[in-house]
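S.K.: Sequence:
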Amino acid sequence: MRLPQIQIRQTYAQLGLNITKPVQEIRQPQAELNLRQEPAVLDIKQAKGQLFIDSSEARENLDLRSSAQRTRNNADYGRQKVLEAIAQISMEGDRLAAIENKGANPIVDISFEESIIYQSKEIIAEGSLIGDGIEIRYDLQPAQINVQVRGKKMDPVIHRPVHNYTPGKVEGYMRQWNRVEFDVVGLYVDQKM
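Counted from 1, the sequence shown has number 1256 at position 44 by my numbering; the numbering is strictly sequential.
If you're looking for bench data, these hints aren't it; they were derived computationally from the structure.
Be a bit skeptical, because a hint or two may be false.
Said to hold, decoys possible - Quick list of the computed label-pair ranges, beta carbon to beta carbon: (1) Arg1282 - Ala1309: 37 to 43 Å; (2) Lys1260 - Ile1298: 51 to 57 Å; (3) Lys1314 - Asn1286: 43 to 49 Å; (4) Gly1290 - Phe1264: 55 to 61 Å; (5) Glu1325 - Gly1290: 55 to 61 Å; (6) Ala1270 - Val1361: 48 to 54 Å; (7) Gln1240 - Asn1358: 55 to 61 Å; (8) Ile1370 - Glu1250: 53 to 59 Å; (9) Phe1264 - Gln1300: 51 to 57 Å; (10) Ala1252 - Tyr1350: 50 to 56 Å.
Keep in mind that this is a model prediction, so the values were computed, not measured.
Here a beta-carbon is modelled for each residue, glycine too, at the ideal position from N, C-alpha and C.
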């Protein structure tokens, strides 16, 4: 025999959520450096140099000597000739002092040497254009360089960050409501038993 049955069907509730995400916006504006380089000060002082030109040798080469120079030259020439004559007399005296040596007759030799007719010599004037004979000297004075470094100046301006925040939202709604259904099955009773 079939007994009536109660069938229960249950549907659970379903909750839905609408979620709006939060929005966060952060911007950092660039800082302003305001950097300035002060120009350096450069001070250069150059003292005047000295130029020396000595043309006395060139004047001598052209035989344009001063009277003082001519006097010095004549005195030097006379001193040289006196020294040569002293040397010759001394040498002849040494030869005469050695007269006791046999085989050499210094008196005859010295007489013969003094009697030689001197050949004429060509005398070349001292004036010459060989070389310039001009002495040029330049004394350079060192330059004085002063550098004054003035550095840099910086005035930074810092900007605060910009922060925008939109909070999120959560909204709930019912996607499906809960239900309970009851059914009775087998209401008919089998009477053939």
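S.K.: Each of the hints needs a verdict: does it hold here or not?
M.R.: Hint check results:
| no. | hint | result |
| --- | --- | --- |
| 1 | Arg1282 - Ala1309: 37 to 43 Å | holds, 40 Å |
| 2 | Lys1260 - Ile1298: 51 to 57 Å | holds, 53 Å |
| 3 | Lys1314 - Asn1286: 43 to 49 Å | holds, 46 Å |
| 4 | Gly1290 - Phe1264: 55 to 61 Å | violated, 32 Å |
| 5 | Glu1325 - Gly1290: 55 to 61 Å | violated, 24 Å |
| 6 | Ala1270 - Val1361: 48 to 54 Å | holds, 51 Å |
| 7 | Gln1240 - Asn1358: 55 to 61 Å | violated, 45 Å |
| 8 | Ile1370 - Glu1250: 53 to 59 Å | violated, 23 Å |
| 9 | Phe1264 - Gln1300: 51 to 57 Å | violated, 43 Å |
| 10 | Ala1252 - Tyr1350: 50 to 56 Å | violated, 32 Å |
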